[in-house]
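K.L.:
We have chain A; now place chains B and C onto it with these hints.
Residue numbers (the numbering used here), protein chains in the order written: chain A, 1 to 418; chain B, 419 to 715; chain C, 716 to 1007.
Some hints could be false.
As the list claims (entries may be wrong) - Straight-line C-alpha distance at most 25 Å; calculated PhoX-like pairs for lysine-lysine:
1) K969(C) / K277(A)
2) K277(A) / K355(A)
3) K651(B) / K548(B)
4) K355(A) / K159(A)
5) K613(B) / K521(B)
6) K969(C) / K548(B)
7) K128(A) / K312(A)
8) K355(A) / K150(A)
9) K548(B) / K494(B)
10) K277(A) / K159(A)
11) K312(A) / K862(C)
12) K862(C) / K313(A)
13) K969(C) / K274(A)
14) K313(A) / K128(A)
15) K150(A) / K175(A)
Claimed, not checked - Examples of chain C residues toward chain B, derived with CB under 10 Å:
16) V752
17) I847
18) D940
To be clear, the hints were calculated from the coordinates, so they are not data collected in a lab. Please read all numbers here as calculations on a predicted model, not as lab measurements. Beta carbons: idealized from backbone N, C-alpha and C, even for Gly.
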Amino acid sequence: MAVYLARKGALTCALLASTALAAQAEDVEVLHWWTSGGEAAALNVLKDDLQGKGIGWVDMPVAGGGGEAAMTALRARVTAGNPPTAVQMLGFDIVDWAQEGVLGNLDEVATAENWGEVVPDALQAFSKHEDHWIAAPVNVHSTNWVWINKAALDAAGGKAPETWDELIAVLDQMKANGIVPLGHGGQPWQDATIFDALVLAEGTDFYKAAFIDLDPETLGGERMAAAFDRLIVLRGYVDDNFSGRDWNLASAMVINGEAGMQMMGDWAKGEFLKAGKVPGQDFVCIRFPGTQGAVTFNSDQFVMFDVQGEGKKQAQAQMASAIMSPTFQSAFNVVKGSVPARTDVPDADFDDCGKKGMADLAEANTNGTLLGSMAHGHANPAAVKNAIYDVVTGAMNGEYGDGASAAQALADAVAGAQ
Amino acid sequence: MPTPVQADLRTRLQDWLPRLVLAPSFATTLLFVYGFILFTLLLSFTGSRMLPNWTFVGFDNYQRLFGLQHWQIALKNIAIFASLYIAICTALGLLLAIFLDQKIRGEGVLRPIYLYPMALSFIVTGTAWKWFLDPGIGLERVMHLWGWESFTFTWIKSNTMAIYCIVIAAVWQSSGFVMAMFLAGLRGIDNEVLKAAQIDGASNWQLYRRIVIPLLRPAFLSAFVILAHLAIKSYDLVIALTGGGPGRSTEMPATFMYSYTFTRNQMGVGAASAVIMLMTIAAIMVPYLYAELKEKK
Amino acid sequence: MSAVTQDTAVSTGRVARAFIYLLLILFALFYLLPLYVMGVNSLKPLQEITGGNMMALPATWTLEPWRAAWSSAQIGVQPTGLKPYFINSILMVVPAVAISTVLGALNGYILTKWRFRGDTIVYGLMLFSCFIPFQIVLIPMAVVLGKLGLAGTVPGLILVHVVYGLGFTTLYFRNYYAAFPTELVRAAMMDGAGFFRIFWRILLPVSGPIAVVSIIWQFTNIWNDFLFGVSFGGTSQPMTAALNNLVQSSTGVKEYNVHFAAAILAALPTLVVYVVAGRYFVRGLMAGSVKG
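With the rest of the complex left out, here is chain A (with noise of 0.2 Å):
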């Protein structure tokens, strides 16, 4: 009886307590474009903590176009004045947002968990605005990495590039064994992703000038045209179906040999992971030769909105609280490929590329070449960033001459769109 009674107790507790909770806090709504496997399992563990604390998630998947479609349901939730409580986003876009007014603040949680101290700076960047924390960054990308299939490698002389004459050497070594040299999708983003990393490798200087700070001498001048000839020079090296293709679908002509290598960012290494490949065993991953030292970044980060009433706000600082913490971070960031974006994190569970991607990442945040991809949304806002996508893509696709007249064509156009 007495056991009987006790357990009622228990029970009755519990019950209140599992009501106080749920009238306590309140349920986040979460719009994101991470609607595939891996991705969403990863998220999977951040609803399943939430839901430990009380709080329910409410799904708002939104997918295509690496985030398009999601962007443009956010501004009519916006516009309708009912935004949802974090939203995934992206580099420049955060700070449009931002300069909107229509944020919310998480100074309190920062403060108390001591953020400013464990994200890089080139990261609060973005994740502040005005010197109030708006957004929890979940994970760094970087995207100036090279996957080369070990096989056909290996047929090309086994060396990993390190220049670019070393890197022509092997493309050219891999066409005469008969495979794709350059695993390549034509998508605007995907292009931008190669230039990027050929701006990048004319130095972190010339990147900063040309990217970041938008100098039309830079944009127009020789070096930029030199790149520009690189870049068509690259287009010699996919085949001639690369249009439209998906950025997987040229991982696995990597994977199966199909393709010698891919210029990729590191979420390709979750496709070679799947498909049961080894790092350093059946597959290399290199930084683009010339960019040893550097990392062009991107970093989704959930923005959080001002949302009204006290348990919402609660929930939402609750929700950014779980983002940051180092478990979460850990979890998330070994099955998305990506790297921590908090610098105090171990790095025990990450394979032998992740850990290369972690070293790398703290390396260039201490020299200060951490930088934020153009082609991720990162250097700059996206009307300039379209405008160069543009440029690239036209480049890519044959419709300039040579580099100088696409520099000329990426100096105008960057200045049309500012």
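P.N.:
Relative to chain A, chains B and C alone:
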């Protein structure tokens, strides 16, 4: 027996009732269509970027719009697309309708087959055609597997030919609907007229050219209007099939407007392109509506 | 031959008929091809698609992709399949189609049988609304829905679809009722029948064919809409939004067989409507819109 006063009230109510019933529909149309067009017009004279912002900048956006090579490409593409799409859909729809009208056995099976693509959404149409036209997995590969090694079909990957792939998919989707409209028109023609002409010794060809096709004028007009507005609005299919590529070679005004308004944060320029589109639609539609409605009076 | 030519004024020879049949069948194949490709590939295991011939029949037949698409495919963070979104779509489509059709019928009735000064202008203005590109109304619509407190709700979505469907339904019913003898309506008025009574007793009973056209048109358009659904649907996203999330997913292995099964599932209601009501569709068009 109602008193005269009551009767008067009733008739007056009866007089007003139709207008009262119509009023909500008309009012919502005024607000949600014409109000919004006005809104877009005003927006096109502002420096709006991310969200509407009411600082006026005069004709800047229009100047900028016509300075963009991107917009020129879009205009050229819509000209190619719309003329081919309307011409092929009309010709094919008419041909199929005339053939189906020849007391065809199995018409009940064929008609829904021709008609069903109209029922599908762009995601479905786009996914299917993208696959089919892709040289790596689609038609070209099938031909190779079937032993025709030299067969090449790479239009969708080509800067100059990709726009024709959009025409193919669009014709596939709407020609059946045009067929149904012509078929309905043909079934409405009085057989006696045709028989009389036949007695006069007209051949089949003359019969159609001289009598049937002129009688189908209303169907031609309806088909033209529906096709023209589908062509100008065509957004979904382009996005699903090519995403505007390769490069920018299949960009259309509707995709241009969407990307400038929503992804490039240049809402002012986007609004200006929308106004140009609306003016084009009005230039086609207003004479048609005017003629159509005046006739009926 | 005489039996064939009896009902039609146009006579055709044996060779010509063979040619016509051949052409009709060829075109039927052209129209069926994409559906065939989707259907066949939705019944194959994934490795058979990536390695094989898209036109070939499955070597191993499987219904697994269909089951996955319906109830277990990953959409967002939940592996729910399309099932819950299907219900969202139904909840939105049925009222929107019903309301816009009823209003269209009433409008058509008024514009033809209760004419007043300026009615053609009213009609012309409503008709032009059919041609507005939906992308431009997105932002102002969001403002209005926000003000009305309907943003992100099913009633809000229904309102949007009714507003932009009215032009079409009014067009259909007006053209149809224009051909209906006005004398009958006059006579009923003389007998003292009121506005609604005439509509209910005289016009509605003969409206079957055009109602079918209007319903098919509205049902297809609303069911297939993506832009409004994803922008104003809030948490009750329609089927098209879910399908988009499924086929557009940016990373990971693309499960083409599941995508195709999902695409067919999403199209099934409109396909059924077209196949079942297709014959009435032509009949309705004949009676209505193309007579102009």
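K.L.:
What are the numbers of the hints that this structure violates, sorted from low to high?
P.N.:
none
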